[in-house]
Structures are given as structure tokens and as C-alpha cells.
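Protein chains: 8
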Amino acid sequence: MSGETAGQSRNRQNDAPAGEQPVAIIMGSQSDWETMRHAAETLEALGIGHDCRIVSAHRTPERMFDFARGAKAAGYKVIIAGAGGAAHLPGMVASLTTLPVFGVPVESKAMSGIDSLYSIVQMPAGIPVGTLAIGKAGATNAGLIAAAVLALSDAALAERLAAWRAARTAAVAERPE
Amino acid sequence: MSGETAGQSRNRQNDAPAGEQPVAIIMGSQSDWETMRHAAETLEALGIGHDCRIVSAHRTPERMFDFARGAKAAGYKVIIAGAGGAAHLPGMVASLTTLPVFGVPVESKAMSGIDSLYSIVQMPAGIPVGTLAIGKAGATNAGLIAAAVLALSDAALAERLAAWRAARTAAVAERPE
Amino acid sequence: MSGETAGQSRNRQNDAPAGEQPVAIIMGSQSDWETMRHAAETLEALGIGHDCRIVSAHRTPERMFDFARGAKAAGYKVIIAGAGGAAHLPGMVASLTTLPVFGVPVESKAMSGIDSLYSIVQMPAGIPVGTLAIGKAGATNAGLIAAAVLALSDAALAERLAAWRAARTAAVAERPE
Amino acid sequence: MSGETAGQSRNRQNDAPAGEQPVAIIMGSQSDWETMRHAAETLEALGIGHDCRIVSAHRTPERMFDFARGAKAAGYKVIIAGAGGAAHLPGMVASLTTLPVFGVPVESKAMSGIDSLYSIVQMPAGIPVGTLAIGKAGATNAGLIAAAVLALSDAALAERLAAWRAARTAAVAERPE
Amino acid sequence: MSGETAGQSRNRQNDAPAGEQPVAIIMGSQSDWETMRHAAETLEALGIGHDCRIVSAHRTPERMFDFARGAKAAGYKVIIAGAGGAAHLPGMVASLTTLPVFGVPVESKAMSGIDSLYSIVQMPAGIPVGTLAIGKAGATNAGLIAAAVLALSDAALAERLAAWRAARTAAVAERPE
Amino acid sequence: MSGETAGQSRNRQNDAPAGEQPVAIIMGSQSDWETMRHAAETLEALGIGHDCRIVSAHRTPERMFDFARGAKAAGYKVIIAGAGGAAHLPGMVASLTTLPVFGVPVESKAMSGIDSLYSIVQMPAGIPVGTLAIGKAGATNAGLIAAAVLALSDAALAERLAAWRAARTAAVAERPE
Amino acid sequence: MSGETAGQSRNRQNDAPAGEQPVAIIMGSQSDWETMRHAAETLEALGIGHDCRIVSAHRTPERMFDFARGAKAAGYKVIIAGAGGAAHLPGMVASLTTLPVFGVPVESKAMSGIDSLYSIVQMPAGIPVGTLAIGKAGATNAGLIAAAVLALSDAALAERLAAWRAARTAAVAERPE
Amino acid sequence: MSGETAGQSRNRQNDAPAGEQPVAIIMGSQSDWETMRHAAETLEALGIGHDCRIVSAHRTPERMFDFARGAKAAGYKVIIAGAGGAAHLPGMVASLTTLPVFGVPVESKAMSGIDSLYSIVQMPAGIPVGTLAIGKAGATNAGLIAAAVLALSDAALAERLAAWRAARTAAVAERPE
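Protein chains in written order, with the numbering used here: chain A, 1 to 177; chain B, 1001 to 1177; chain C, 2001 to 2177; chain D, 3001 to 3177; chain E, 4001 to 4177; chain F, 5001 to 5177; chain G, 6001 to 6177; chain H, 7001 to 7177.
Treat the hints as calculated values from the structure; they're not laboratory data.
Since this is a predicted model, take the numbers as computed values, not measurements.
Think of the CB as a built atom: it goes at the ideal place given N, C-alpha and C, for glycine as much as any other residue.
Treat the hints loosely; a few may be bogus.
Chain C stretches covered by chain F per the calculated footprint, using a threshold of three residues with CB under 8 Å from any CB of chain F [said to hold, decoys possible]:
(1) 2023-2035
(2) 2055-2066
(3) 2104-2112
Throw the hints in and build the complete structure from the sequences for me.
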């Protein structure tokens, strides 16, 4: 990816026809992008195509409905959804699709994302959302667990994922400095 | 209401044509009724018609969509929504109607309703949910604030509400025993 | 509102005779204004008259008593009350009027508004306060739920509110950038 | 006090003319008495006269106003106030008197008294409430700190308090069994 | 599965050679089974083979190491891990495999599973654990999200999953009773 | 106090013989002074003599023991104790004297003073600490409740306290700006 | 230890001259014994002598002072201290001795031991308390970490500890039932 | 240590053959060093040799396994482990050695170290981790409790530790300034 920013790379992928990508990254608002771009960058580093969309459960409920109802037909395999505060996006999308949905609690102002976490993770029996950590770490890990899911039927990706993990392991210094 | 239980009274009201009632009480599951019936009983005590419905954001998202989208046309003035855990019902309904929506956090098992409260009250700017206390007190108060709203254009109801409040005040004993 | 600041607009409205406005916005101290002005600005954007007052439950309990006892006679329809910490203003005003009261938990220093939230939302059965989110989002939403209540008997306002909501929906971009 | 229950003793003291007692114990509802009676029993054990009153900030705001405004003139020296949930009674009474006010957070259902504690202790600068522990321990200690305050100008009481404390110390066994 | 209990079914499946099952359900101790059996029952209802194992991160760290290191080779596709308190099992297993790992926070005694939740969900960037709700609902949903993952490459399972979801939707009554 | 800083005033009062002051303000470390000076300034504004001392429960337990055991004999009437984190100073001093002790939870780094609050307020039955709010507001209020206690037997102080309160009330503006 | 209860064994050990035991188990009140006996039973299982004492920081501060000041001279090597609520015992003892002190947060009523935990673990720099989990698990583990410390200079104990751990590992079943 | 920085001193000690040091300080990542260096500096001030290592439970699980399994043979007496978020390092190391392990919860971003604390302290019965305070204070105290343990069989160290404590006590000023 030499000579390009992550943003350039993402835009180019977004020019691909909708549904050609296995992963959809959706978020409740533009302000969530600062967090959710870490999911996108992780997927890029692993060579996994993805679309990034703003889909607000509260401001654009019909867009959300259409997106979620059509996600499987559009060819998506995995959905990553990030939202903050009373974060309803991951759970509502999960209620409208049988695709696996992973939720990222975005850090909120007053409650530092505790509200986001509880709103996402405490789903009732019947509608699962695989929830990751609050904030940037969670967004990165949403990309990684999506990769792990896709790697189950993509041996080449499985190798890239294993290599990515091995590189991270190798990068841990022996001593602090 | 002599000789009838609250339940009988409710059922009879529910036999009225949908939309003839000013208040809709919706809840995510049958198990929420133990809490939400206090909203119904409060409305009954004040002589306010109401429908009680199970509308699950997660298990019946389309029923929820249809309900919320059609609530105004159906003649409802106020919506009371109760849910527990990752409680998305009040906020999602609020995103789909401009009617005033009041949310009741139902007490959950592990988190005692803290998750319900945060999921309901921490709505982003743009979509309000007037949130009441966790549990039975909140359900009763949802009925009362609905009454206060309706009383703005119903002088007889305003008198009944004032009388109800006065009776409660008069019932407070001077000393504990 | 071209050529004026929100502040100028507010001041002009405040020059109107008390009680000519349907909404009262009250707050515990000057420092709450930074939060509560978002309620005022929302009401202005929707063309709803309002008074802004400092009414401290703790420092001016008699002013609070007089305000709340006289609110209905003064012509107010809805009261929005913001306070932080041991936030007693919304609940105390609600105990002194049958008008609908909406509470905004102002973010506090040590507890980030969790104390404000619990002090406002956990009202006992009998005295409801419709509580919004902590901070700015809650103040904006207090304005919106007040509008939703008033729109029940004001078709023109109902149209403005629907238009405001539609504009917000239309403003959501398709993709993050 | 042989041959009488604490209740009988309390009732007898309550027959004394109002204001003859140095301590007022007030609480938001009858249900708080199970907690607050420990304050009364502690005062009785120390021979300190007291009145027990139900004064609800929310259901009887005018009774509260009258009580607090008149407390000093009625001869009270110290006020103990217990309440649960959005517990406004201690702080509101403190805003209406310059007498020392001690608050007892009564254990609430969903939040186990955390809401009561925050609502009582997080008072803004200007109006103090000396807050004790949640529940029975707090009620007992409210009685004890009232005693400590009164003992500053009552040497005999100071001796009784010291003796009470010494007896408690002496009652601690050396080893568990 | 007529005429058998879920337990019988599970035992029979457990008699199958290790690694013939696509899902491993592991838990930190026997006491977690009361929660985790809901994952097993959900998988059974969907006709998904699974092994149930006790693997304690703390008491049997080497068993855990061996299990996690060998999980992929043993033929597992998805791992469901439940644990309570300082719940290290899901995260540690995730650190030792690239298979997708789903974590279930088991309700703990003093903290009701908040400690379990934080210990599982707050993983650092690099090692994802898709976390479900505390307790029984989370265990059920772990089974469902495992099914969603496996259904990506198993059309028959996708149909069974869709049917299961539709049946749940259809089972929601219209009104509470 | 024209022409002097609060600090100069305090130092001068501290030159008075120990025990000539009715109030002792103690704190666990120098870093608590930034908070606790608000107690000192409040007492000064009310003309109440006071000593300010660093007494660490953990680093100087014997100084604490000597201070608390000798506080009554030294002429103190009221003790104000501030501490942060595992804040043991107020409770330990209270265990060693029968004087009224007021505790101020100093804001801590990681937990924002929640740890300080719980460590101070949750005293067991038998040893009361009248606890104020976290941080500066609590320190100011500790000064005020000390004043309220001393005013019970000092009519001039009672007048000054009432005047201070009245001035605060008068200073509340009518409208935000 | 066949034919004896743990209690009998403990009593016998307690008949040994004070100071002949390497571990002191102290607790704030008799009611803590239900928790702390798990520390005693663990030490017994490992053949480590110990004394069990009630030492209340708040009710018997001088007993605590004497105990802590004299603990090293009395021959103790390790101190285990359990307390609940505003739990000051472990930290205060640690401030009075240089022996290693381990703290056990006893589960409290309203806060389930969160207050105990924060009061024990959040010690300021300079005075360490090695804190274990809330309740029974923490008490057991306090015994085990005391054993680990003593085993550093007692090879036979190290073997017994390793055997105890191995037996626990061996007792973990392969599958839940 | 005149003329050297703590860093130089540490590096020199780290040049010693592994296992010649009685204390190992391990941490999950380089970013934890800012906290954990306070443990190292405390040990240096007390003249206690130590190794500082980065050992990530999640990124280098095998390094962790090897370290913990070999710690006793390598000559370590005490292990200090710091980690943040879902902090599994202290507990996992404790599961793999019978040496005493002390855990330091490193302050995390969204949850300020509450997640770290719960993940470390809430260990199940059988595997103890002596947990210190969140952040820098906890790291310093981990060094001190390690010193207390080692001082049990090192009289010279016991004297240095007592002197260090005495110097800290002597450094507490009498009055704030």
C-alpha cells in the first residue's frame, strides 16, 4: 500500500460495486469514523474487501432497515457495526439479518462508552451481537474477528491472518525501554 | 371498576378498535408485563384509554416498524415503551414517529436494570425518549406523565390528575408506625 | 434567524411578558447554561417561545416554589429543568405542578453526570420526570420532546417538527470521510 | 426502658409537644421506617428526645417546606432525614434551614441505594448534608453523629455517648467463633 | 430428537471422536454448565455438532494450552468459551488460535458478572473475543452466532437458522396477558 | 480581609496556640490542600478559627492516633478530614474521638473520587462520619456544616451563617447569560 | 485431621502461645468469620499454623494498634486481614507494620463488597496491601498467597503447596455433567 | 546511585544473568512501562535486584508460558505483573507458578483501569494474585510488598525497608502550604 493513505485505499475499494465486498462496516454517524476506521484499516491490512457506510438507527431507521434486510442478498458475509451512547445499531441490524454481526461500542462523552457497551452487549436471547472492546481496540478486533470468520472458508486469508498474528507476536520487545 | 380486576378492564379496552385509544403501552416481551401493567393501571385509574401490545424490537422488528410508522395515523397521542437489557424499543420507536415517547427501563437480571436505563436514556441528539425510573415506579410514572401531556388539552383529565395527586398527598401519614 | 446570534434571539423572546411562552427552561445555576442553551436553541429552531430562568432548588428554594406553583397559571405548558450533581430541581418542580416536566442531567465534574442522572430519573411512583440523556444531547432532546408534546395540539408545529426531523435524516451522509 | 418496646417508647416521646425534642427524624415514606427506626433506637439508647415524622419531598412538598422553615423555631437542633431513590428530602430540607442536616440513603430496589447515596451526598457548594452509610448502619450512625453534635454543649450526654462507645468496644470478642 | 433429553443428545454427541464437531463449548468449571448448557441446547436445536469441555485457564492452564493450540487441527471451526469473575479463558484461548472465539460472561456472585464481562470484552487490539451478554441469554446467543458463522458455508444450516428465527418471531404474542 | 490572601490569613490563624481553634481541618497529604483549602476559606469567611494539619492515616498513623485521641482535650469541637483513594483518615479519626467528624472525599486519579467516597461514607454502625460531596463542593460544605454545628451554641455565628446563606441566595441571577 | 472439624483444629492451634504461629488472620467483626474461615481452612489444609483474631479498626482501634505494632515481635510472618464496607483494617494494619499484609474484601449488604474492595485496594503509594477477590474466593486465596510467601523459605511447605495445586488440577473433570 | 538515572541502573541490573535477580517485573506491553517503572524504581531504592520483561499474555502466550513455568527455576522469588484492560497476565502467570504473584492494574483509556482491576483481583479460589491499586501507586506498592516478602528472610533488607518507611513518615509536613 506504499504511497497511498489508508483513506485513498478505502475510497478505491468503495468504488467497487456494492455487494462485491464480504464485509460491511457501518456506523451511526460521521463522528464514529475516527474509531471505526481502525476496523477498515485492519481489513485492508489483511486484504479483505469492505464497504464503509453511515447507517444511523435513529436518524435513518429506514436506511438501516433496507441495509440490514438486503445485506445478505447484497453479498455481505459479515457486518461490523459501531455506535455510541444508547447504541442500537448493532442489535437492530442483527434483528434484521441472520448474518453474523459484530458490535463496537464507541466511546461516549459522559460515560466513556459504558453506555455504548451495555447497549450493545446485553442483547436478549435470540439475537446475538458479538461485542468487542470499547473504542479503537474494539474496532481493530472487529476487523480481526471478521477475518477469522472469513478465513474458515478461505485458506489464503487464513495464512495472511496467521502471518499478521505472527508478525505482531514477533514485534513484542523483550524488555521495556 | 367494582367487581372487575384490572386485567378484565384492560381486556375490554383492548377490544376497542385499534387507534381509538390515546395511549399505546408497548413492551418487548410478555415478561415485561409484570412491570408495565403498573402503567396500564395508572392510566385506568385516571380514565385514560390505552392499548397494550407486545412489540419486540429484536424479535419482531417489522411489527415494531409498522407499529411506530402507523402510530400517529392510528390515533395514538403518546407512546409508553418498556424494555430490559439492551433495551432498544423506546429509542427505535422514537426514531420512527414524532409522537412523544416515554421509556421504562425494566429491571434486568444481572445488571438490575442499569443496562436498560443506559440503553434507553442515553439517546443521541435528535431523537428524544423521556425516560422514567427503573421498574414499577417508572411504569407508574410513565402513565402519569402521559396523563400530564394529555391533560394539556383535556380540562376534565387535568382535574382528575390533580385529584389523584391530591389524594396521594392526603394519604401520607404524619408519623411512621 | 439570519444576522442574529441565538443569544440575541433568546433575549428578545425573554422580553416578552412572562407566561406568554409555552415552555419554561429552568436550570440550577449559570454554569448549567452552557448545556441548557441547546434546549433553547432547539426550541428557537422550531419556532417555539420559551423563557429561560435560573431557579436553584438549593440556593433559591422559595423562588423554585413560587415558580413551580405558579407555572400553570403563568401559561406554561411544558417545563424543562436542568441540574447537576445531587440534581433536585426537576423532581421538586414536578412535585409542585401537574405540568409535564422534562429533566436534563448536567454533566458533573467528578461523576460525569451519573449522579445527576440518578438524582433525576429515579423518582418514586407518583411524581414523574421524563429524563433525557446527560449533557448537550439531553438538552437538545428536551427541546424536541417539548415540541412533540406541544405539536399534539398544534398542527403547524407538527409540520415544522416533521420537517426538522426530515432535514436531519437527509443530512446523514452515505459514507464516512 | 424495661418492659416496653422501642415502639412504645417512641410513641410516648412523640406525645410530647412538638419542638420539645432536640432531634427530628424525618423520612420520605412509611417504608423508610424499617431503616430509620435504627436512628430512633440509637437516640433512645442515648436518652435523646426525638420526633419521628413522615415528610415526603415529592408527595408532600408543602409539608416539607413548612417543616424545614419552622424547624429552628420549633426548637429542633439537628435534623436526620432518610430517603431512597431520587432522594431529595435531605438536601431540600438543608436548603430551607441552617440547622445541621444528616442524610441517610435508604436502600432502593434496583440500585441498592447507590442512587439514594448519590442524590444525597453530591450536594453543590452552599448547602451541606452530612451523609451516612446506605441503610441500617447509616441510620444508626445518624443517631450517633446527632448525639456527638448535641454532646458539645451537654456534658452528661457526652458521658453517656462515651460510655455507649466504650461498651461497644468492650463487646468485641477476642476471637471469632 | 424426540424421546430424548437434551442431556442424552449431548452425551451421544460427546461420544463422537473429538474434532468431528464444528463447535467446541468450553467452560472454566462445572458450575458454569448451568449457564453454558444453553449454548449447547441452542446448537442442538439447530442440528450443529459440538463438544462440551471443562477447560480452566487457572486450574488447568496446560489443558487450555493444548486445547487451544490444537483446536484448528482437531477440526473445530468455532469456539465458545464461558467463564466468570476474572474470566481469562476466552481471551487466552483466542490468543492461542486464529479460530473465531465467542465469550460468555458467567454471572458471578458479588459482582453479578460485571467482572466477567469486563474481563472478557476489554481485550487489547490484536486478539478479538466476540462477547455476548452476561448469563443464560449470552450462552444462547453464543450458540446462535456460531450458527450464523457456520451458515455462511452451509446453506442447509442457513435455512434451519432462518426457520428458528422465524419461529421465534411467530411466537411473540400480540398482547400481554 | 482586604489586602491579604486567604493563605496569609490562614497562616496567621495557625500561629495561634493549638487548641484555641474550634475546628481542625486535617488531610492525608499536601496534595489534598488544593481541595481542602475551600473548607478553610469557608470557615474564614464565617469568622471561625481553625487549624490546618497534615495527618496521614497511612504514613503517620501515630500522629493520627495522637491527634485524634487528644482532639477533645485540645479544645477542638469539630473535625474536618479530607482524604482520597482508600481514604481511611476520616473513619479512623472518628473511631478515636467522640467529636463530630466530617469527611471530604478528595477526587482521585483513576476513580475520580468514587473510591474516596465509598471508603469514607460506608462506615459500619457505631462510628459515624458525616460525609460531604467529592471534591471542592464537599470541602466548602464541610466548612458550612461545621458552622451549622457551632452555631447551635453561638448566636452571633448563627447570624453570620444566615447572612452568608442569604447573600448566596441573593446572588443568584434571574436569567442565564 | 480425620475425625475433627476444621473448627476443632483451629481452636487447638489457637491454644498455642500467641506468636508461635506464622500467620495471623484478623477480621473486623464476628460476622466476617463466615468469609474468613476459608482462609483458616486453607492454611490448615496446608499445615500452616495461624491465629484468628477479631480486631476492629473502628470499634477497637487501640487493639488494632497494639496488634499491628507488635505483630513482628510476636513472631508473625504474614497478616491476613478481612473487612467489609469502609474497610480500613487491612490498610491501617499495613501502615503499622512492615510485614506483608493481604486484604480480603468481605461482601457488604448494599454494595456487594465493591465498597470493601475499593477501600482495601486503592491504597496510596507507600503502604501496600495485597488484595484478593471479594468474599470466600478471596479468603481462600489469602491463605494460598500466605503459603506461597512462607514457602519461599520452607521447602517442605513448597512441596505441600505444589501438591495441593496439583490435586486441584487433577480434580477438574474433562466434561460437564 | 549518584550520577546515574534510574534507567541506567536498571539496564545494568538487566545485564546480570537472568535468574540472578529475586524479583521479576513483567508487563503486557511497552506502554505499561510508564506505570511499571515505579515498581522498578522502588525496588532499586531498596537495593533489590530485578528483571524487567515484556510478557504479553495475549500477543506472546508462549513466552508467558515459558516465563511462568521457568520462573522458580530461574531463581525468582516474587513476580510483579502489570497489565491493563482485560488484564490476564497476572492471573495466568499465577496459574503457572507457585511463586507469589502481585498484580498491578494499569489505567486503561475508556474505563480508567476499573476493567484492569476487576480482571486481576477477582481470581477464583485456588490461584491467588495479590492486587495493588490502579496505576502508579499500585506499581510502587508492588515493589514495597515484594520487599516485605523478601525481608522475611533478609534482615538487612528489613532494615532498609523500615528506614525507607521511616523516611517517608518523617517527610510528612505538619501543615499544608
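Against the structure, the hints:
Counting residues of the region 2023-2035 of chain C whose C-beta lies closer than 8 Å to any C-beta of chain F gives 5; at least three are required, and the coverage claim holds. A count of 4 residues in the region 2055-2066 of chain C with a Cβ less than 8 Å from any Cβ of chain F is obtained; the coverage claim is therefore met, three being the minimum. Residues of the region 2104-2112 of chain C with a Cβ under 8 Å from some Cβ of chain F number 4, which satisfies the need for three, so the listed coverage holds.
Going down the numbered hints, you'll see the structure goes against none, and every one checks out.
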